[in-house]
Amino acid sequence: MGALIEVRDLNVVFGKGRQRVHAVKDVSFAVERGGSFGLVGESGSGKSTVLRAICGLAPIAGGQVLLDGAPVPHGIAFARRVQMVFQDPYASLHPRHTIDRVLAEPIAIHGLGDGEDRIERALDEVGLGSAFRFRYPHQLSGGQRQRVAIARALLLEPEVLLLDEPTSALDASVQAEVLNLLARLRAEKGLTYLLVSHDLAVVDHMCERLLVMQHGAAVERLEAAALEAHRVDTEYARTLLRASEGYRR
Amino acid sequence: MGLGAWLTTDTPRSRFQARMGQTYNGWRDLVRNPLAMLGLAIIVALVLMAALAPWVATHDPIVQTLKDRLLPPGAGGHPLGTDELGRDIYSRIVYGARITLYIVGIVAVTAPVFGLVVGTAAGYFGGWVDTVLMRLTDIFLAFPRLILALAFVAALGAGVGNAILAIALTAWPPYARVARAETLTVRNADYIAAARLQGAGATRIILGHVMPMCLSSVIVRVTLDMAGIILTAAGLGFLGLGAQPPLPEWGTMISAGRKFLLDHWWVATMPGLAIFVVSLGFNLLGDGLRDALDPRSAPR
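Chains A and B are the protein sequences, given in the same order.
In this text, residue positions in the first sequence follow the numbering used here: the first is 1, and each later residue adds one.
In this text, residue positions in the second sequence follow the numbering used here: the first is 1, and each later residue adds one.
Wrong hints could be hidden among the right ones.
[Unchecked claim] With the C-beta cut set under 10 Å, the calculated list includes, among others, these residues of chain A facing chain B:
id, residue
1, Ser92
2, Leu156
3, Arg242
[What the hints assert, rightly or not] If you want a taste of the chain B side facing chain A, the calculated C-beta under 10 Å gives, among others:
id, residue
4, Ala18
5, Pro61
6, His209
Note that these hints are calculated values from the structure, not bench results.
Quick caveat: nothing in here was measured; it's all calculated off a predicted structure.
Built from N, CA and C at the ideal position, the CB exists for glycine as well.
Pulled out of the complex, with its shape left as it was, chain A reads as follows:
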């Protein structure tokens, strides 16, 4: 089976002249349908930029992003196939929109029918009752907001979910809840995940394969099994592993 998402020699460059930043250097990877792939690295390693480049939120200077073997479509067609969950649930929900309005938006944009049912179902799926439907984001906790963001991403029934550090803004117990929710949804809906995190423990829990990035370049490719057995080749990956172990203790 071919890859659902394939990134070939991706390069992302911000700015010009002296302010030029080469954020992503020749990164390639592929995620098969139904798979879960992790991008790991420290802050500033360019892992989030890869996600943003896939969505068209960061300028692609070179290389290709393929969806099902074809260049990614733009706008509405892209939205139906790929959705993203942002890192900070405090910033990704409009402060003046009720949860209802947030969830009604994609339905209106894509002209989907039976909006009422869809919204109720979407809230149920992420474990929020309809009691939350007419609240504002500021009336919700971080974990609840991230659940709303996940519900919004899933409303369009995408094949691929891009997760940009979906739990790093949450505290540890909520983090586990949200990760379990994401794992359950993936199993139920056969979603393909591309997850970015600085935390190897999170990636280990969620992904079958992963790519370690440093300074915008790919450092090492790993299988989850290898990670479990601590079979890593590069010094940098070992450092990351140690860091996550220290955290686990």
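Chain A is fixed; fit chain B onto it per the hints.
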């Protein structure tokens, strides 16, 4: 379930109920703010006065009675005195409320909306759209406001309608500036990116996501500008380019009373007080509205 419980429930059943509940909560916020209520009372009184002018006024605002000219307040059945042509100042102020409301209302509806559209479009699109729109705004801002309004009225002809048009045309650039500044702070927010990822077009994002964030600063700005708008209209009237005599426009009344200010203070003071009270009312209400419109300021 009573109406109060229906409005204040934590778990509304429908979109309509939720919206009514929000409106009710905003209203309660507003009621809790005594200054805003004072402002609202002033504006309501102004509107009632304008609507019921023929019944509220004691005299005809235009008929001249030269033997009664320049009577002090209280004399001869004129509560606020008479002007240099023997017209009852109280009745003229009552009828003048109509013209004032007309000018303020139309300017307040047109200029901020136009400014908001220009500012958010410039801020959101950036690049050459921003450059073109903002240089245009700069050109309008570079002219002194009254001079520009004068030029417009001179070109279009005198009268209240053209004065409104001229004031609106000169009033929008500050709103565009405010709206653009607000847009620049939100355009890179994650919730805008999220909307774009859902396939939302530029129009939907600007109208639905960017404008609500600009609205509170613009509303405050509008209420602060109300006094200025009334005064600009008065200035145009004074120069013979706004409301034409014998129309009882407050600004025109002040400029007519200027000639008698030392001996007959009430001729200019009474319409001046009217402008002051109405401006104050708009300011107080605007401040309260800003707090009530922001869902985040609601008590948790």
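The hints, checked one at a time:
Against a cut-off of 10 Å between C-beta atoms, the interface hint on A/Ser92 holds, since the closest Cβ of chain B lies about 4 Å away. Checking A/Leu156 against chain B by beta carbon gives a least distance of about 7 Å; that is within 10 Å, so the hint holds. The interface hint given for A/Arg242 is violated, since its Cβ lies 32 Å from the closest Cβ of chain B, which is over the 10 Å cut-off. For B/Ala18, the suggested interface contact is upheld, since its CB lies about 4 Å from the closest CB of chain A, less than 10 Å.
A hinted interface residue such as B/Pro61 counts as satisfied when its beta carbon comes closer than 10 Å to some beta carbon of chain A; here the least separation is about 45 Å, so the hint is violated. Given hint, B/His209 at the interface with chain A, holds; its Cβ is 6 Å from that chain's nearest Cβ, closer than 10 Å.
Consistency with the previously given hints fails for numbers 3 and 5, ordered from lowest to highest.
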